[in-house]
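Mind the numbering: the sequence shown is residues 1 to 307 in full-length UniProt numbering, read in order.
Simulated from the structure, these hints should not be mistaken for lab results. Backbone N, C-alpha and C fix where the C-beta goes; we use that ideal spot for every residue, glycine too. Be a bit skeptical, because a hint or two may be false.
Claimed, not checked - Now the in silico label distances, taken between C-beta atoms and shown as ranges: (1) S263 <-> I151: 23 to 29 Å; (2) L82 <-> M52: 45 to 51 Å; (3) M52 <-> T160: 39 to 45 Å.
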Amino acid sequence: MTTLTHGTSAARQPTARHRTPTRTGRRTPTSALLSKTVVNGLLVLAACYTLMPVSWLLIAATKNHRDLFATSGFALGDMNLLTNLRHLFTFDDGIYLRWFANSILYSVVGSAACSLLCVATGYAFDKYDFKGKEKLFGLVLGGVLVPSTVIQLPMYLLATKAGVVNTYWALLLPALVNPFGVYLARVFSEGYVPNEVLEAAHVDGAGELRTFARIGLPMLAPGFMTIFLFSFTAGWNNFFGALVMLNDDHLYPVNLGLFMWNSVTQQQPEYYALVITGSLVAVLPLIAAFVCLQRFWRSGLTAGAVK
């Protein structure tokens, strides 16, 4: 019995040695190339779908009023872009330039003040311990859940009591409040500002305000620019707030002014060219902001994701 057992084992061993190796989960070069092609194709389709309205806007801005309705949507016109721009900037004593300047004021000044306030608040929530800190921070986070359109009527009533309706302050003051910006600022403060650096500054005799201005704020520059970009986009696209708060057309932002022009196109079709060309010009500041500040935005988003 023993001999048979050993013989059987010896007979099985070569079979085990010559067993064919199993395939691993590695992809072949052909499958990897196919997957990259599919992914890149989907990205190209998504980019084309995203850029289609902007491309149509750019092409339509080259047409006059007749070609706008007589030609295909993506067919080039008679290259009247410069003529349309000249007509846009001179129409009604240059009211569009006034609207554009108002949008710059509401967006840039309001976003800069909002970003600074959010960074300071988030820094305080991160670095200081005080009674009820987490409950207060939870209350701030609760503000993220409230849609801005819901609070427009209470804000209008408050602005009426304060006497700032139909003034620049009617849009600048609400722009200072950004609960989501406070949350982002706290996340950035936890990831960018080490406590050891602040303690070293305190040992050297720096006060709290000087420590924040000289050490905390420069370290939070990516977070500041990220919050600024979000606030700038929200301020530039703030249509409903301006519609509720403003009555004087000289205080309108550019989006509300274009809406007013678009509302009379049925009676006066010549306004179509003004609306289209004005919409194209109104997109340019957002594109410029993201192109110029994208490096801060990318680093800020990466830091928040790692944290």
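For each hint, the structure was consulted:
1. Roughly 25 Å separates the CB atoms of S263 and I151, a value that falls within the hinted 23 to 29 Å.
2. Distance hint check: the CB atoms of L82 and M52 are about 24 Å apart, inconsistent with the given range 45 to 51 Å.
3. For the pair M52 and T160, the supplied restraint of 39 to 45 Å holds, since their beta-carbon distance comes to about 42 Å.
The structure fails to meet hint 2 from the earlier list, while all remaining hints are met.
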